[in-house]
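**Q** Fit chain B to the supplied structure of chain A, relying on the hints for placement.
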Amino acid sequence: MALSQDRGPDVGGPLRRRSWSPLASMPRTRRTRVVRGIQYAVFVVLLVAVVLTVDWPTIREGYFNLDKARPLFPEVLTTALKNTLIYTAMGFAFGLVLGLVLALMRLSQVAPYRWLANIYIEFFRGIPLLLWLFFLGYGVPTATGRQLPFSPYSAIVLGLGMPAAAYLAETIRAGIQAVPKGQLEAARSLGMSQPRAMVSIVIPQAFRIIIPPLTNELIVLTKDSSLVAILGVTVGTKELTKFGRDELNTLVNATPLVVAGLCYLLITIPLSLLVRRLEARNARAR
Amino acid sequence: MSIKVNRVNKTFGEFVALDDVTVDIPAGSLTALLGPSGGGKSTLLRVIAGLEKPDSGLVEIEGREANHLPVQERGVGFVFQHYAAFKHLTVARNVAFGLEIRKRPKAEIKKRVAELLELVHLENFAHRYPSQLSGGQRQRMALARALAVEPAVLLLDEPFGALDAQVRKELRIWLRKLHEEVHVTTVFVTHDQEEAMEVADSIVVMANGKVEQIGSPDDLYDKPANDFVMSFLGPVTKLGGQLVRPHDLELFTVPEQDTVAATVERVTRLGFEVRVDLNVNGRAGPEGGPDEVWAQVTRGTAEQFALEPGKTVHIRRAPDRLVQPARSA
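Listed in order, the protein sequences are those of chains A and B. By this note's numbering, the letter at position 7 of the first sequence is numbered 697, and the numbering carries on one by one without gaps. By this note's numbering, the letter at position 326 of the second sequence is numbered 1028, and the numbering carries on one by one without gaps.
Heads up, a few of these hints could be off.
[Said to hold, decoys possible] In silico DSSO-like cross-links for lysine-lysine, where the CA-CA straight-line distance does not exceed 27 angstroms:
1) 789/B - 871/A
2) 879/B - 812/B
3) 755/B - 871/A
4) 871/A - 879/B
5) 912/B - 706/B
6) 1013/B - 940/B
7) 789/B - 805/B
8) 789/B - 813/B
9) 706/B - 755/B
No wet-lab data here; the hints were simulated from the structure.
Only chain B is shown next, with the shape it has when bound in the complex:
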């Protein structure tokens, strides 16, 4: 159930939503479309679903050209950010909806709905109405409804976007587990890099309608293709005008090869680790002020160095753990 998107373009008036986008999504994978809002990721998902028509380019689902297939014939399950629950139907009828359209036998529908409600942990809510469910429950119902028709691909548009932080975290882990159970090719849209890293086994980073990079979470984090991907996927700071991950800065008490001297400005606890704000001595920053950089070190290191404001340390990028963009923007 692979998905191929080949050189797809889509504009809304003057706005370029997709700019020559090519993406291959292998069968059975769990892929995140990640990027800032307005970057084109939702449009790409909707183009795959058939909810938007591309201006040019090709969409293939299961090796079959899908450009001219209407939504209902593409074999996709779609989960909307705001659930799109059918308010006038009970939870069970919502889940049964796709099966009823397909005129499956009543007994089969009943059995399948029961299975799905169990899968999404809503077996005790079958006869409630969507308005009687919490946001997280509604989204799980929407997922069961999309899965009921055994779609070739499952598409989720910011599925957890409307939920509060706690429920979001729970549902992420749950989606990961669900994917291990049902193995349907899944693509979900998110603007939350943590969510993408935690859930997906492959991430497509998009910005301004273009694909910036495609790869596994590790690839993207350790080998970002450019400054944008690097700064979107994790914390960054600048040393000598180059992006560097704060945990990839090495601290020394005495000068070493390639180190520069810096003064500690502030030391902040971030749970297990410590954030150290530094000023590089004798160098001006981009706005003419002090050249500021921050490092993330373990508590042990902080204590070992007795870090406190005013202290001078010597810093450099750790040469063995160097994360740096392949091409600097």
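Chain A with its partners taken away, still in its complex shape:
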């Protein structure tokens, strides 16, 4: 007992006897406090180092320049942000519809439908989005000598929507499979045909289950819509990234990119908070 008073109350384990650091010989609660204290100290040191070494005037001038930011408004909101929202919405809507079709194909009894859906999904999950956009925007016109009809919207919708459909198809399929089999069987035994039971009983429940992952897909697509910038769209059809990049050239200042970034966060952070709330609600319901 005398020994344990010297070394702390829980001496005895073979590890503790080989005291490898001063921390190891402390009582557990005190050790926790000391470790946490060290972490705070490191944080404060780093913070002070950053504050002291960074060239604040240059930062303010180059990235957060209010004089340069002012002329960006209102176009950054009325044109760029609006177009980002429109492109994302169009791509997402297209992706959802095609994704649902693909999900049903993957669950089909008819093998060739399953194969087709699998090939589509693996193809679009495997190729880079940027390459696909180049293909639609420049590859197709070069090969055929013609623009796609409804340019640039066609390239934007297909460019964002077709790859999104591949990811959404997998999410929707998982949702459909998460609906208990009894639901479909109950609806059928009550007189519904298989397709009608699928449409009015299973799919609505599947979507309710997958709202959180779908919202995550929407966040990803919002960010991916920035790649549309490479399609060389015209003034009225610029979205946030293209807008920011063009203003960067005009103003010779990085502030427009920062403003564009903040605009993305304006969309993604509320969505992200929404996902968290939905997930919390689902967890409670379960």
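**A** Relative to the frame of chain A, chain B by itself:
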């Protein structure tokens, strides 16, 4: 509304779920499909409903070949073990579901739903959601939903399997009464012999995809077709290598014709009756140990014999109440 199942086979990969099954279910009967899990009883029910397609064989409902009829055209009501309630609909809308599909007039639907909710004692829960009901209430709702469309046959797959023992017992009696009221041909699956005996007027015993025996509860209990049915339907013990019901053992203080001497090992009260564990003297059991047998006697008999460990009694099968399998396995 009779159901005929003729020489039906069904396999899932390597697993034989139904092996040449033939069953006749008369109109208006209340039939139990009884057997251990994996015995094929649920598959048979699902084949009758059209939820599974048989590999071969014929299913007839009301004298009409049903093999090619989809589920929704078979006129069956199906009740699932886990209720399969439509969570997004109220109790009343759940019950109305089948009628709404059939586009019945609104007033008629309302009247019928009210009647059914009364029948299943849920009239005060019409506007609740399934999540606000207890397990027993949900199952009663599922039953009302299945009955709403006036099915030719009502099929229940382990209807009380997910409920606790007390609710189970209540619902059993209630199902029996309900059947007396509505008289729809009813088939239910259970692995609980007590449930089958208590509720059904006809029992189909199934094991390993085969029908072992079909008959009334009394038939099965008193004239089991084989050792399996005998041991599945009630307690059994072995005397001289043969199955016997413990309450069919006679005890004597002195040797009688055909008796063997046995030593009392233990005496246990089972409520009204007494379980007596015995060792047959001078005979080895199947594993080389003592030949153990147990008898079930009334308390009166136990007191009359002053049964206690170490006492020697003489036992035999009661010749007048002999239950023994028709063919020994």
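**Q** If a hint holds in the structure, say so; if it does not, say that too.
**A** The hints, checked one at a time:
For the hint pairing residue 789/B with residue 871/A, the CA-to-CA distance comes to about 14 angstroms; that is within 27 angstroms, so the pair holds. Taking the CA atoms of residue 879/B and residue 812/B, the gap is about 24 angstroms. The hint holds against a cut of 27 angstroms. Taking the CA atoms of residue 755/B and residue 871/A, the gap is about 16 angstroms. The hint holds against a cut of 27 angstroms. Note on residue 871/A and residue 879/B: the hinted pairing is violated, with a Cα-Cα distance of about 30 angstroms set against a maximum of 27 angstroms.
For the hint pairing residue 912/B with residue 706/B, the CA-to-CA distance comes to about 16 angstroms; that is within 27 angstroms, so the pair holds. For the hint linking residue 1013/B to residue 940/B, the alpha-carbon distance of about 20 angstroms falls within 27 angstroms, and the restraint holds. Between the alpha carbons of residue 789/B and residue 805/B the distance comes to roughly 22 angstroms, so the proposed pair stays at or under 27 angstroms and holds. The hinted pair formed by residue 789/B and residue 813/B meets the criterion: a straight-line CA distance of about 23 angstroms does not exceed 27 angstroms.
A distance of roughly 15 angstroms separates the Cα atoms of residue 706/B and residue 755/B; the hinted pair therefore holds under the 27 angstroms criterion.
Of the numbered hints stated above, the single one contradicted by the structure is hint 4.
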